[in-house]
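In order, the protein sequences belong to chains A and B. Numbering follows our numbering, with no gaps: position 151 of the first sequence is 151. For our numbering, add 202 to where a residue sits in the second sequence, where the first one is 1.
Source of the hints: derived by calculation from the structure; they are not laboratory data. Check before you lean on any hint, since a few could be wrong.
Stated by the list, open to error - Here are the simulated lysine to any residue pairs, SDA-like style, with alpha carbons at most 20 Å apart:
1) A:140 / A:188
2) A:140 / B:368
3) B:242 / A:65
4) A:140 / B:242
5) B:242 / A:14
6) B:242 / A:25
7) B:242 / A:168
8) B:242 / A:21
9) A:140 / A:165
10) B:242 / A:3
11) B:242 / A:17
12) A:140 / A:182
13) B:242 / A:58
14) B:242 / A:183
15) A:140 / A:183
16) B:242 / A:129
17) A:140 / B:345
18) A:140 / A:168
19) A:140 / B:370
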Amino acid sequence: MPVPDGLTDEDLIARVARGDRDAFAALYRRRRADVYRFALHVSGSRTAAEDVTHDVFLVLIDEAARYTPGRSTVVAWLLGIARNHVRRWLARSRYTVSLSDERAASVARTPTSNPDPHDELSAEQDVAAVRRALMELPVKYREVIVLCDMRETSYADAAQVIGCAIGTIRSRLHRGRALLAARLRSSGHDTLFQVSVTRVNV
Amino acid sequence: MTIDRDADLAAVLRRLDGHTVVPEDDEAERALLGAFDESKTRRLGAGAPRVRHAFAWVRTSLATAAVLFAAAAGLVWMTPHGGQMGRVGPPSPHRAPAAPLAASLHADRGTIASTQLPAGVTPVTHRTRPARAARPAETTEFVSWPGATALPPFESGELVRIDIPASLLPSLGFMPRAGDGAVVRADVIVGQDGFARAVRLVQ
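With the hints as extra help, turn the sequences into a complete structure.
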């Protein structure tokens, strides 16, 4: 039976716990991208992101009843599971998260609508530079930056995901931002995503 | 945009996120729905094969280790506080097998949540201690297992002594010590759901 429109994540997960297949499919389609993006940006690997996303929703199948409304949002709960799986993946890969050209190419990019090929190339270079700098951060700073700055997760939800105090989130975010900015400056990327100026002779 | 301001840096990062496409994967969705059906059938008692989680072997290993621990009757783990391994609460003069950890566990470190043990963690085989008490092992205090607040409160579980790679120490909140080798011994409190709740190092 298709789920009604307008159900919240909490409604869906409650239905999943009761064995509602359509609710599971709806929650998967709604939150799959959130889990994938988080896993991708923290691990730097599309393979890891796909595996982690799959594993997170496998966990959801049997553990949906363990979700406690009010303790955290459903997204934070899912990302908390994803974080554990990503950390295990990173541990197995011995924290080798250097961004090789192969890995950079594995992350699909959306084609821009900018007709200027120079702008598109510049934007791609900037994207690559930011991604590279992000992957050079220690994991504990990277995951906070991915959650709060990139995915606009609230401090409270981020604290639930990572399992620490909100103050710790703030301090790691502050430190992570400083490290990220320093890395971008050192690589010569002080200014990013500049809009090209076309000179017109009048 | 420059990266001097936090807001601009965040905007840059969101732009990076916007450049990331999440690929469609119908096959993965079908596989998950198949796993869902399987799980539902199993729960209804139809005897369908159990859905295998990615780390089911870890739970099996932990369960086996817990059985060995409990079966080694008379096993007494001396701690600096004079308590016993496998029990939480006031020290008891009686040697008891590993009992369910009491709710007083929460008094040690506040709310403790857990995650599954990471890959590479090897449960040690517990050996029966000789009647003469061995030199008590010194341990650090328990710290919460990182990133595990989204799980239900601890109700019962086991205390497992395992070897973990020393490279995991920073992620657990411990500083590597001068005398550490490639692996270090640790005590892990495993909750009723098979997820680790807290860890301490054995010195």
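Index of numbered hints that the structure contradicts, given in increasing order: 1, 4, 7, 14, 16
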